Structure formats: C-alpha cells, structure tokens
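Chemist: Dock chain B against the given chain A, drawing on the hints supplied.
Protein chains in written order, with the numbering used here: chain A, 1 to 421; chain B, 1001 to 1203.
Note that these hints are calculated values from the structure, not bench results.
A quick note: this is a predicted structure, and the numbers were derived from the prediction, not measured.
Mixed in with the good hints, there may be bad ones.
[Claimed, not checked] Here are some, though not all, of the chain B residues that point toward chain A, as calculated from beta-carbon distances under 8 Å: (1) Cys1003; (2) Arg1007; (3) Arg1008; (4) Val1019; (5) Ala1023; (6) Ala1027; (7) Thr1033; (8) Leu1071; (9) Ala1086; (10) Leu1148.
Ideal Cβ positions, reconstructed from N, Cα and C, are used throughout, including at glycine.
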Amino acid sequence: MVSPILQLTPGTSLSTFDADGEAPSYLAQLAAGRQFRVTEPLYHLLACMERPTDPESISAALAQRAGITLDAAAILRLVETKLAPAGLVWMEGHPGAPAAARPAPGGALALRWRRELIPARCAWPISGALGHAYRPGVAFVLLALALGAHGVAYARLGFPPPIDGLTSAAPAIVAALVAMSLVHEFGHLAACRRWGCPHGGLGVGLYLLAPVFYADVSPAWRLPRHQRAIVDLGGIYFQLLCTPAFVALYLATGAEAWLWAVVICDLSALFNLSPFAKLDGYWLLSDALGIPNLHQRARELLPPAMGRAGAGALAPFGRVSRAASAVLAVYFGASLVVWPVLVAYQVVLVANVATLYAGLVGDAVFLAREATLGEADLLAQAALQIFLLSAMLLQAALMLWEAGRALARRARRWRMSHGMR
Amino acid sequence: MGCGERRRLSIALIAGAAVVIFAVLTAGLIAPTLFVLARNLLGIGGLLPGETAPDFALRDAAGQPVRLADLRGKTVVVRFWSPDCAACRSELDSVRATAERYAADPSAAFVSVVSRIPAATVAPFVAERGIRYPVALDDTGLVADAYLVQALPTTYVITPEGRILRGFVGAGNAFQVFREAQACRASGVVTACTVQSEGIPGR
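Bound-form chain A, shown alone (with noise of 0.2 Å):
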C-alpha cells in the first residue's frame, strides 16, 4: 500500500504560547485565523509536516528532532482523525479539510453575526498610526487630559452622577457611543502595531442583547502575556481617550450629553473590565493568569457528576500552577453569583421591550409621518429606538433558539447513551 503524503496545510504558522501549566505550549493558526493551543510532541510532529512528506520519513525525522517514537501508523491515525479534520494538516485524499478550517460557534457568549466593516488591509495604516499612543510619554499626556476631562465632567454631574437624570437617547449620546465603540477597538489593534503582531479587520455583530463593534486580535495570542495584557487594555485606554473630545464638545455646545457620554465611557469601561462575560476583563485576566479557557478550566472544578463539560481536555498541557488554581476557584464561586444577577437583568429587560415592542413600532411610523412637519429629529430618535429594541429582541431570540438546540443535543445524546431511541 502506497503511503499518502501528508504536510502542513499552507498558510498554518507555528509559534511558541506564553501559557500558565507545567508543560510548554505552543500555537498552530491556520491561514483563516483559527489557533490551537497545541502540545509539545504535536508541535514537533506538525513542525515535521512543514513540507510534503510520507509518514515514515515524518516518523525518522520527529525521531531525529525531538527524541519521540511514533510509527508511521500512529501518525497516519493521528492525522486522519484530528489533524485533517481540523484543518491543520493536508492528506492526500481527505476529502473534509477546508470547511474544518471554519471556526466553531462559541455558545451563548459568542459574538453573532459577525460582518467585516473595515479590513484589515484599511485598518492597518490607520492602527499604525494610532500606535504612537502607547509611548510612555505620549500615554502620560493623554491620560492626564483625560483625567482632567473627567474632573470637568464629574463636577458639573456630581459624583456619583444622577444617573436617572439620563433620558432618552440623545442624537449626541448615541454619536458619542458609537465613536467610542470604534475607537476602543482601534485601541486593540493599535497596541497590537504597538507589538509588531498582525492582526486582522474590525467589524460589528451581535453581542449578549447589544450590538457590538469588535476587532480582530486572534494572532495576539503569539505574544508574550504582559503584551498580550496591554492589547486587552487597549480598547479601555483609547475609550478613555474620546473623553476630553465630549468635554471639548460639551464646552463648544452646552449640550449635557456630552458630559453623559464621559459618564457612560466610565460605566462601558467597567463593564469591559468585567471578567464574567468575554469582554476585555474576561481576556485580561486570561492573559494573566496564562489559560486561555477560563470558562472550561472553571467548569473542571465542577465533579464529574454535576456534567462538567470538556473535563480533561487541557490535560495534555499539564496542571495550571497552584496560584492559578486558587483564582480559578474564587473565578468560579464569583460566577455563581454574578451570572444570576446578569441574566436575570436580561429577562427582565428582554420581556419589558418585547411588551413595548409593537407600540414602539406603531409610534415610529407615526412620527415618520409627523418628520414631515419638522420633526425630523424625532423620527430619527424614534428609529434607532426601534433599531436596537429590534436587534436586541433577534439577540435574544437567537440565544433562545441555541439554548434550545443545544438541550436537544443533550438530551439525544442522554437517550443515546442510556440504550433508549
């Protein structure tokens, strides 16, 4: 029998992962931007593929290069059920490879609908640029302006800002938000420029009940962890960053929604920097403790009767640290208080717009007719009102129909497991 010739599939880049756990890790990124943390001996084998090769040459030559004893069948078994159907390998008549290359749906806490506004080709000069920002001295100056603009904007609002004094919103409020949002994102591709690391486009999607803007920062995961901690700060920073631009607008217009959008950059920022959801602070605190899957790694702490998911699956890469074990517990019990307290916020909104949803609808097309008589403004108020109590009742509908599918799965496999059909 002829040996198929197996290699690496081309554009797969092979790099070391800076990673808390006793034994190394290292990365394999496909061209199409999905990353596998992979082992030690796993690097090597693939690292033995780069160029078209039999399995008995990769045999000798991961023999030669890493000491590791593994017969030309072990390697042919190893590619046919993982390595090919991940994409990461290309075999000679494997039919499935390409469409393995997509990136797995990430369960109830992945970004939906993902669509590139800006690619990375355009970002790129424009994160270049911005980079400049994240030198020292620079930093210091802009992060004083900023500082000083919260003064401003803190004693003219009070402190702590009345924030039902907050109505609507405002043209200016939802500007400042969206320019904020975009910004922050830059602020994570900058930091990567800062670094010297690729990194791809920036696009929008759906995100818990909101719509998001996000930056794709995947080929981070190449840098060391206090790099890859300031890419996860970087969105914050240059978030922070617009504040004095409201305050200069807030003296320019007199309008007070200025002054609220400072007070909203704050709330957003500590919100990111929230490690519950996978927001910034969920990536911050994955890069320092060095496990890039705290939601899994939390859930092992679970026995293995209350249906741990994926128990094991890190083995491979040895125990995490002792320190990092104890943050993984204080993770976990924090969870079980914050994610009642976060859904059941979310219930409570999503059934209140989905009560006012059809009046709110029949109200923006009343105004549509009234914009001809000079409310404009309101109609256009009225409009993004409708846009995001729309996006935000599809979020939750989608979530529902996850939920759903993914009970069913369950309980299929449960009947499947126990001899029932």
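Modeler: Frame of chain A; chain B shown alone:
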C-alpha cells in the same frame, strides 16, 4: 521561593482580588446601573402597560386638590417633571401648547407632577414660564416612587379604567404621548391639569 514564583504568586493575588472586587461591583452596581441606563435610553422605564395606576391625592401650587380618582372615566396623561431638569425645560413649550390645545376636552385630563421640590421653588418658575395648567406638588416623592419614576420627564397615559396604557421616559416623545391619548379616548380632548411631583433626589 524563586523570583518567577513570587511574580506568579503576586499576579494570582492581584487577579483573585480583582475577581472578587468585580464580582461585587458587577452584581451590586454595574448590572443594576446599566439596567436602569438601558431602560432609560430605550424609553421603557417605569410601570408597564396594564398595571393599575397608583392613586394619588396632592395639591397644586395654588392649594387646589388634585386626585387621580376624581379623573376616573377620563383618559389621563400624567407627566412627572421638574423645573431643574434640562430635558423637561426643553419641552415646556410643546407640552404647554398641547395641554392648552386640549384644555376644553371633558373626556381627558393632563396632570403634571413635580416631586421633592419645595413649592417656593416651583411657584416662581411656573409664573415666570407662564404655565397655566395646574402643577401638583408631591412633597414626599411618594407618588414618583409609586410610579417607578427613574428619570425625568416620565409620562404615563392612563385609561379611563385607571390602568397604564403606556409609559414614556425622556424627552422627545410628546407626539407619542398625545397620539396614545388620542387613540385611547373614545371622544373628546385632554384637559390641562399639571401635577408637579416633588423633585427627584439629587437633581
């Protein structure tokens, strides 16, 4: 203990403390505040349609009684506002014009409430701005609390049966309010009667 080990331990200590701090902040402050903020920005705060409108008995700046129960059988627009609320001030003209337009309607009433603001502050403002509809004073703020007023202005349209038809949070919804009122009324117009609920704390 080596330098790397000490560094790892320090990071873990900071991370653990941050997790606890953010758990408390997220559950106790960030989530509730963002919830209120989202409701206000989306204009969906306060009592929900179908709920019974809490009754109230107040007096206006001139000492005249204003009771919601007396308005049973009419479509009532109750608007919570305050002289020191910029959004409310920006809508004074349109609200006044609408209230005056419907002043003669026997099947409807327009009630405005100012909470937690002294009459001595409200009365000069009302006179200065030429507000002719009654402004009811909710000195204790109990009426505003009963109507779950979290932001000003908040406006409710109440059916003749005394149930909430719609609630509106924020400025820029005068058209919506009066359109709902018009849709609710079988006939007639809205008469003017402003209830002034006593200011919201900290405003």
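Chemist: Against this structure, judge whether each hint is valid.
Modeler: Now for the hints, and whether the structure bears them out:
| no. | hint | result |
| --- | --- | --- |
| 1 | Cys1003 | violated, 15 Å |
| 2 | Arg1007 | violated, 10 Å |
| 3 | Arg1008 | holds, 6 Å |
| 4 | Val1019 | holds, 5 Å |
| 5 | Ala1023 | holds, 4 Å |
| 6 | Ala1027 | holds, 4 Å |
| 7 | Thr1033 | holds, 6 Å |
| 8 | Leu1071 | violated, 22 Å |
| 9 | Ala1086 | holds, 6 Å |
| 10 | Leu1148 | violated, 11 Å |
The structure fails to meet hints 1, 2, 8, 10 from the earlier list, while all remaining hints are met.
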